[in-house]
Amino acid sequence: MDELREVMRWWVTGVSIVTAENDGVLHGMTVGSLVSISIDPPRVVVTLANNTRTYKLVADSGFFGVTLLSAEQEVVSDRFAGRIPDEGDRFAGLETMRLSQGIPVLKGGLGHLVCKVIHTYEMPNSTLFIGEVLEARRGSGRLPLVYANRKYHRMEL
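Here this note's numbering is used: the first residue of the sequence shown is 395, the next is one more, and so on.
Calculated from the structure, these hints are not laboratory results.
It cannot be assumed that every hint is accurate.
[What the hints assert, rightly or not] Below, simulated DMTMM-like cross-link-like pairs (lysine to aspartate or glutamate); rule was C-alpha separation at most 20 Å, straight line:
no. : residue 1 : residue 2
1   : Lys510    : Asp434
2   : Lys545    : Asp417
3   : Lys450    : Glu400
4   : Lys501    : Asp483
5   : Lys501    : Glu516
6   : Lys450    : Asp396
7   : Lys545    : Glu466
8   : Lys510    : Glu526
9   : Lys545    : Glu397
10  : Lys545    : Asp454
11  : Lys545    : Asp396
12  : Lys510    : Glu489
13  : Lys510    : Asp396
14  : Lys501    : Glu529
15  : Lys450    : Glu526
16  : Lys510    : Glu466
17  : Lys450    : Glu489
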């Protein structure tokens, strides 16, 4: 629906990278659809397109990591969104760290999450993954990277 797309492009959202690994295969993608739905118990929901490698790895492994991007990480967001060629390895040249469950996340963000998939809701083109947050860690970033009207923006807090 074009009207919905037009309305939603004005909705400001934070930018994050969802990462997953299964059988030694590592991948990640930029998402704007991450939402905290409960603090107690700790739960988040993320929507992933069904035709992506990250979707397959999350579905197969049952776990995912999240890096909440800081304002300095526009290039990282573009790389994981597929806007910058990555030679097949989106992580090349980027610093990562492994949190609980061995889940990889990117260094330098506002924060990091490790989640276990506890529910899914499949739609025709995408799937909602509800994750139990197993670990939450504050990162070194200071200001969030936000996206609205097809552009990145900086916020002063």
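Practice prompt. Quickly compare the C-alpha distance for Lys501 and Asp483 to 20 Å and report which way the hint goes.
Written response: With a Cα-Cα distance of about 16 Å, the restraint between Lys501 and Asp483 holds, given a limit of 20 Å.
Discussion item. Just to be careful, I want the Cα atoms of Lys545 and Asp417 compared with a cutoff of 20 Å; is the pair within it?
Written reply: violated (35 Å)
Discussion item. Holds or violated: Lys450 and Asp396, Cα atoms, limit 20 Å.
Written reply: violated (28 Å)
Worksheet entry | Holds or violated: Lys501 to Glu529, with C-alpha atoms at most 20 Å apart | Given that 20 Å is the threshold and the Cα spacing comes to 15 Å, the pair holds.
Worksheet item: Quick one, are Lys545 and Glu397 close enough, alpha carbons at most 20 Å?
Response: holds (19 Å)
Worksheet item: Has the given pair, Lys510 with Glu526, been kept, meaning a C-alpha gap of at most 20 Å?
Response: Given that 20 Å is the threshold and the Cα spacing comes to 5 Å, the pair holds.
Worksheet entry | Given hint Asp396 paired with Lys510 - CA-CA distance at most 20 Å | violated (34 Å)
Fill in: Hint consistency between Lys450 and Glu526 [alpha-carbon to alpha-carbon, up to 20 Å]
holds (18 Å)
Item to complete: Sort out whether Glu400 lies within 20 Å of Lys450, counting only the CA atoms.
Response: Not OK: Lys450 and Glu400 at ~29 Å, beyond 20 Å, violated.
Discussion item. Hint check: Lys545 vs Asp396, CA-CA at most 20 Å. Holds or violated?
Written reply: holds (19 Å)
Worksheet entry | 20 Å limit on alpha-carbon distance, applied to hinted pair Lys545 and Asp454 | Not OK: Lys545 and Asp454 at ~33 Å, beyond 20 Å, violated.
Discussion item. Next pair to validate is Lys510 with Glu466; report whether the Cα-Cα distance is within 20 Å.
Written reply: Since the Cα atoms of Lys510 and Glu466 sit roughly 28 Å apart, the hinted pair is violated (cutoff 20 Å).
When each numbered hint is compared with the structure, violations occur for hints 2, 3, 5, 6, 10, 12, 13, 16 and 17.
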